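Residue numbers (our numbering), protein chains in the order written: chain A, 1 to 647; chain B, 1 to 647.
To be clear, the hints were calculated from the coordinates, so they are not data collected in a lab. As the structure is a prediction and not an experimental result, all values here were calculated from the model. One or more hints might be untrue.
Heads up, the list lumps identical chains together, so a pair's fine if it works in one copy or across two of them.
What the hints assert, rightly or not - Taking lysine to any residue and the SDA-like style, the derived pairs with C-alpha atoms no more than 25 angstroms apart in a straight line are:
hint: 1; residue 1: Lys-387; residue 2: His-401
hint: 2; residue 1: Lys-599; residue 2: Glu-646
hint: 3; residue 1: Lys-249; residue 2: Glu-62
hint: 4; residue 1: Lys-615; residue 2: Glu-646
hint: 5; residue 1: Lys-615; residue 2: Asp-306
hint: 6; residue 1: Lys-614; residue 2: Asp-362
hint: 7; residue 1: Lys-599; residue 2: Asp-612
hint: 8; residue 1: Lys-110; residue 2: Asp-43
hint: 9; residue 1: Lys-614; residue 2: Ala-447
hint: 10; residue 1: Lys-169; residue 2: Ala-48
hint: 11; residue 1: Lys-599; residue 2: Thr-456
Number of protein chains: 2
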Amino acid sequence: MTSLNIPTAGGFRPPAVPEVDVHGFWGERIDAVADKTVMILYDRCVAAGMLDQIDPDRLVPEIRMPFHTRADGSPDTVNVQMFWDSDVAKVIEAAAYALYRKPNPDLEAKTDAIIDMFEKLQQPDGYLNSWFIRMQPGKRWTNLRDCHELYCAGHLMEAAVAYFHATGKRKFLDVMCRYADHIDHMFGPRPGQRPGYCGHEEIELALVRLGRTTGEQRYLDLARFFVDERGKRPHYFDVEAKERGADPKQFRHRTYEYNQSHAPVREQTKVTGHAVRAMYLYAGMADIATEFTDDSLTDALKILWDDLTTKQMYVTGGIGPAASNEGFTDYFDLPNESAYAETCAAVGLIMWASRMLGRGPDRRYADIMEQALYNGALSGLATDGAKFFYDNPLESRGTHHRWIWHRCPCCPPNIARTVLSIGSYMYGVSTGELAVHLYGESTARLAVGAAPVTLTQRTDYPWDGRIAITVGLDVPVSFKLALRLPAWCRGAKLSIDGESIDVAVAEDKGYARIERLWRGGETILLDLPMDIRALHANPAVRADIGRVCLARGPIIYCAEEVDNGAGLNSVILPGDLSHAGAGSIEQLGKAVAIDVAAKRERWDDWRGKLYDAKKPILEDVTTRFVPYHLWDNREPGEMLVWVRTER
Amino acid sequence: MTSLNIPTAGGFRPPAVPEVDVHGFWGERIDAVADKTVMILYDRCVAAGMLDQIDPDRLVPEIRMPFHTRADGSPDTVNVQMFWDSDVAKVIEAAAYALYRKPNPDLEAKTDAIIDMFEKLQQPDGYLNSWFIRMQPGKRWTNLRDCHELYCAGHLMEAAVAYFHATGKRKFLDVMCRYADHIDHMFGPRPGQRPGYCGHEEIELALVRLGRTTGEQRYLDLARFFVDERGKRPHYFDVEAKERGADPKQFRHRTYEYNQSHAPVREQTKVTGHAVRAMYLYAGMADIATEFTDDSLTDALKILWDDLTTKQMYVTGGIGPAASNEGFTDYFDLPNESAYAETCAAVGLIMWASRMLGRGPDRRYADIMEQALYNGALSGLATDGAKFFYDNPLESRGTHHRWIWHRCPCCPPNIARTVLSIGSYMYGVSTGELAVHLYGESTARLAVGAAPVTLTQRTDYPWDGRIAITVGLDVPVSFKLALRLPAWCRGAKLSIDGESIDVAVAEDKGYARIERLWRGGETILLDLPMDIRALHANPAVRADIGRVCLARGPIIYCAEEVDNGAGLNSVILPGDLSHAGAGSIEQLGKAVAIDVAAKRERWDDWRGKLYDAKKPILEDVTTRFVPYHLWDNREPGEMLVWVRTER
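Start from the sequences and build out the full structure, keeping to the hints where you can.
Dropping the structure here:
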């Protein structure tokens, strides 16, 4: 068994989190999460009663969370308490990365205690789910469609892998391997096994992580089985419903598009349903495509990728506009004020994008990963690490604010674990190539074959586009180094030890791919000019017509009331932004603000009138824009991403 | 008993329909409705099975329309079939006006036959409701909140009044007086009477019409009782629900704001709930205010009027943005594409506005009456008189079309009777004054006191703002003539027999009020210049920001795909419209089109892209606008009222 993710076949794999020391922009965020968020998450899980449900030494508690209501008014069989194991698992995963970041004996002891509970809770056959062991015993594996059972298993596996990497302790990893063995025993193509899969995807990508960490091929095969089985006829969820005496049509989400099981995965061409589920499925599919070099999956994923990113994605990388299904609706239906755009869905998009890089560097994936990361995902976490957004609208009249906790507390640990594990998203490692997908002050201890390679980035990214990368080697090694050239950048410059490289010649799929014998000590200078861009949306997006959104580097900007006063829709940006300036923002660290000389309609003389032939008077103003992910970190008020523009 | 509405006290009353011969713009519409619509309505009522329910000589039919479903999935006690009497009544009312317009023995025979059915159906005590006599016997007066019982009675009364005016036949009027007497016996403040009122307002204004026609004061007093009782505590609908063994909270519309009984009417300050119900209530209140010179009602109505017209009304005069409650939501919530803006609600607004003129000429009411009439109401009727809109959005992607019939067929007969009775909205008659509220080619036979006065209008209004009014008298009479000076008009000119009148001096509340001894034969020339106006909306209306809507005279304009191609949101109007031209529209008679030199964004190069820094290219185009009420009368396609404007 290998301890880290060293690839043994084709394709690129992410480094394990401890392999990358992150500083700078992300380092500060990691410290905030490690110092504050993780313990907040732990405390809130305790306060919610989650450990009462898990710990077999405590009395079985009352059910705390109400069951959902069906359309006909009757109580459904599902509530959010069913997937508490997954919330606790994400907290353990975040705790693991935090412990790697800095020792914290108190947090480690608390995490070990939870792991002990799970170990004690585990049944002799390996089964492990606190809801179905303690709250609804006897019902295990009877409703994969609704009950999040394999989803919870997946998050526990991810947590176990992370905790092992961070602490070297095997206990939780062994517990989860026993559970994975049980699942492998229950589900599969052989006689007596069930051809099932989960209504809430996650187990697929988790089994790949577990397989990569343990070297156990069965886990990869089982993940592939879940992916391949999904959506086949007769439909497993129909069969399963009849077996438990239920009408398959009694499904609160009506169509299996909700959980992406309406068709076999290779036949799906439209991104549908619950956004987080879709992203986790596609992430798992991409992992399987990498592990099994399965082009049939890659081809399907490319179609889905285009479908999502050219018809259904907010400019923030937020996805899933509708609250009703926490997911997708019609093409180009991207309302700003009512945008659901759950933090978890942006995290899921980052996960999918990073796994699409498993088949090789390609900026169509890495650019979107970066876009979702710096905007629609990071917005979910306040700078102090103590407050959260669940939904991430692109416009607010001033009533949308960060909250302390949520009855469905999936987002806080999800953005926390993503921030803490950002190092693993920055690089890709194959047998002969190292890819730099994301830039940021950091040191990565990677390897090409058996040869260790240290890549050190010095940069103020994302506030500045100049990056210095030094290559550290014990002995000279020949390998390819791939450096992403973001599509948002015009005029990228590249040099190695002062010798300039023609970017146009070196570029392949948006990466400068430099193959040579590296001797160690080389310094690569990459300059990515960060011009201020005014982005227009496809006019099929009704909400954004006549509006632009400002961007600089990977950062999407917004205007806030705290800087500009109320009535942000009175601001009209000039068509020419060449005079826009960049400044710094008090209260928000090194963040770069954009100041634009704009026009503004006077709106103060409308009292008592609804329609009027008088043209609104224009005034000259300077309008300040701040990074979208930082909004609602100062005084509350209006916020606007898509601002009117001169025509 | 007087046969027409001659005022005997203060206040202004509308003339009866036969007193005004209408030609020109409205004359053509009246002919289309009389020639075609009325018989279509009759046929569709027959096809729906309505007469099977009414005719006591036929077998009691099966229930044809499904009951509503409650939020909890159980069937409600209400369906749309319950108020079929009201649909038939509106058809009789429309037929009455049509018979006045031109003899039609077939239609008259059919109408007489329905009246005979109602006469036969009437119970010995005067009660008359086909649903509760034949479909649900024994349940009468047990659920005023939901079952439209007094609402149906009101429409039957209106029909009876109209049929009497049109034909001179008394049978139906007598039937309805007997029913009104029964209702007056059942409801009232005396011991043994019920302090009830209808959940669907209408009876109030109907009783006033019946009282004015018959001279019976009891009907006016009963109308006043219904108005005064509404919203008092203990709440009648609560008491009534308990009496029939139901939980008062089991109400599918949750709050009594839905039917405007949440507070006594004089304490209501916000226009809420179901839009048609609200309008009918306020219309009835205004009638009572006029009949009883009740300033406490007038004061309440003024507050509600401002609330509606400065915060909750579309520029078309459409009201009630939401389909969910067929009514009002939040202030300034006026989405264009999803606008419900039911035809009946605009008709209701016209009815309310016309009755606000009962306390004297005031253009704040007459202007809005005209705005709703020419736009949000008239749009509900196709030019051929055979197709209808139920909801009247202000933007369509090309999928919203006129329909032949509707399961809730309230709008077609409502707009039909409004068009046919337009003459009665044009004038107001008091003891010493005649008011001209609406302009249009017509001859009105009115009276001041006992002296007959004929007012003849010669004009191409609404396409041209020049109006010639001649005063016809038998003998010289001294009276005041009030001529509306619409607020949309700048530079109105007025002369009598060539002698110019200073409009500014003569104006009072937006009317030129000319008091003199009229000798007969005078010709008044009124010139209302119709400049093309670009209207802006209050910026609190989020949907209209950065957009304008074109208007000329009382007509609101829209762009249609048939004239301009698809992608109407790519059109950007210039800030200066002085070069806009007016033209005529093939296929749409004398209607005036507006042609504007505009810019248009090229939208053809967006394929496969969602966001892009490239600014859309602008092209020069001429964009054609047509009257909103005429849209979807030619080839189907997109439609847009609020068009982007240059900034």
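Hint check results:
1. Lys-387 to His-401: within (9 angstroms within a copy, 48 angstroms between copies)
2. Lys-599 to Glu-646: Answer is both: 9 angstroms inside a copy and 13 angstroms across each meet the 25 angstroms cutoff.
3. Lys-249 to Glu-62: Answer is neither; intra-copy 30 angstroms and inter-copy 30 angstroms both fail.
4. Lys-615 to Glu-646: both (15 angstroms within a copy, 11 angstroms between copies)
5. Lys-615 to Asp-306: between (42 angstroms within a copy, 23 angstroms between copies)
6. Lys-614 to Asp-362: between (53 angstroms within a copy, 23 angstroms between copies)
7. Lys-599 to Asp-612: Close inside one copy (21 angstroms) and across copies (23 angstroms); limit 25 angstroms.
8. Lys-110 to Asp-43: This pair counts as within: shortest intra-copy Cα distance 10 angstroms, inter-copy 78 angstroms.
9. Lys-614 to Ala-447: Neither. Shortest intra-copy (69 angstroms) and inter-copy (41 angstroms) distances fail the 25 angstroms Cα cut-off.
10. Lys-169 to Ala-48: Neither way: Lys-169 and Ala-48 sit 27 angstroms apart in one copy and 76 angstroms across, limit 25 angstroms.
11. Lys-599 to Thr-456: Neither. Shortest intra-copy (45 angstroms) and inter-copy (52 angstroms) distances fail the 25 angstroms Cα cut-off.
Of the numbered hints given earlier, the model fails hints 3, 9, 10, 11; all others are met.
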